[in-house]
Amino acid sequence: MPEVKKYPNRLGIKGWLLGGKWGPERYLYFLHRVTGLGLLFYFLIHIFVVSSRSFGQEQWETAMGRVTGGIFVVGEFLVFVAFAFHALNGLRLVLVELGILTGKAEDPVFPYRSSLNVQRPFMIVMMILAAILIVVGGYDFFVLAGH
Amino acid sequence: MSMKDTKLWTWHMAAGVIILVLLGAHMLTMHLNGVLPIESLNPAGDDPLDWANVVARGREVSQVFGYIFLVGFGLFHGLYGLRNILFELNPAAGLKRLISVVLLLLGLGLFVYGAWSAVAARTMALSVSG
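Residue numbers (this note's numbering), protein chains in the order written: chain A, 1 to 147; chain B, 148 to 277.
One should not assume that every hint holds.
As the list claims (entries may be wrong) - In silico lysine to any residue, SDA-like type, Cα no more than 25 Å apart, as pairs:
| no. | chain 1 | residue 1 | chain 2 | residue 2 |
| --- | --- | --- | --- | --- |
| 1 | A | Lys14 | B | Leu250 |
| 2 | A | Lys104 | A | Gly23 |
| 3 | B | Lys154 | A | Gly23 |
| 4 | B | Lys154 | A | Lys14 |
| 5 | B | Lys154 | A | Gly99 |
| 6 | A | Lys104 | B | Leu250 |
Simulated from the structure, these hints should not be mistaken for laboratory data.
All values reported here derive from a predicted model rather than from experimental measurement.
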């Protein structure tokens, strides 16, 4: 039986940020995980809060009254920010995973081209789009909605 | 990576793309209503949380199916992602099995509850006059 090499993940969760001196994608990797966990936590609670509509108007308005105003507006906006980032960065990750943004295999001729550099312009475009979406969302949250 | 893991990972990515569309529509309805108002999504006025808007959306079959799909794909994508993060910490084999079972039961339970609430909300919306 061939020997299986084991990687002990010595740094654990700290390795998300301290795994090495990598490029900006390293920080996006960290943010993708943090926003993913945040969205999951919110989503599990959201299923229960939103289900109050099934019990009638009074229950719906009582549930909404408990999660409206003050810190909840800021929290809800943070969920929107997490969604904008996680969705657009996730789209980049899917395209990289499928090999669409990594470039074609080529001979290692100096100066070397890294697959990271091939996807980087798309990464920048996705982050600009996420920033625009966050600004537009912020305008809707804090100006138009009158919070 | 086993063939089962490869399949689950592929579903994880596919679910992410589906969520992008469904959650994008949800955000458009609930949080970008002021910038990009779509009257068919909020026919009773600007506030998407207003009961009249909740009832109007609840009557639409497309909203019910969209909600059920979003709950299903969202739970799978989120809980499978959490499972991967936990597995990276190299838990013992028994703990891995326990994590998988707990997350599977949590996902199935929440999916059944979420799907039921969507159908119940439609039944309730159809019973409201107006």
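Does the alpha-carbon distance linking Lys154 of chain B and Lys14 of chain A stay inside the 25 Å limit?
-> Since the Cα atoms of Lys154 of chain B and Lys14 of chain A sit roughly 29 Å apart, the hinted pair is violated (cutoff 25 Å).
Are the Cα atoms of Lys104 of chain A and Leu250 of chain B separated by 25 Å or less?
-> violated, 39 Å
Is it true that the CA of Lys154 of chain B sits at most 25 Å from the CA of Gly99 of chain A?
-> holds, 17 Å
Given the hint that Lys154 of chain B pairs with Gly23 of chain A, does the C-alpha gap stay at or below 25 Å?
-> violated, 30 Å
For the pair we were handed, Lys104 of chain A and Gly23 of chain A, check the Cα-Cα distance against 25 Å.
-> holds, 21 Å
Would the pair Lys14 of chain A and Leu250 of chain B pass a check requiring their Cα atoms to be no farther apart than 25 Å?
-> holds, 24 Å
In summary, the numbered hints that this structure violates are 3, 4, 6.
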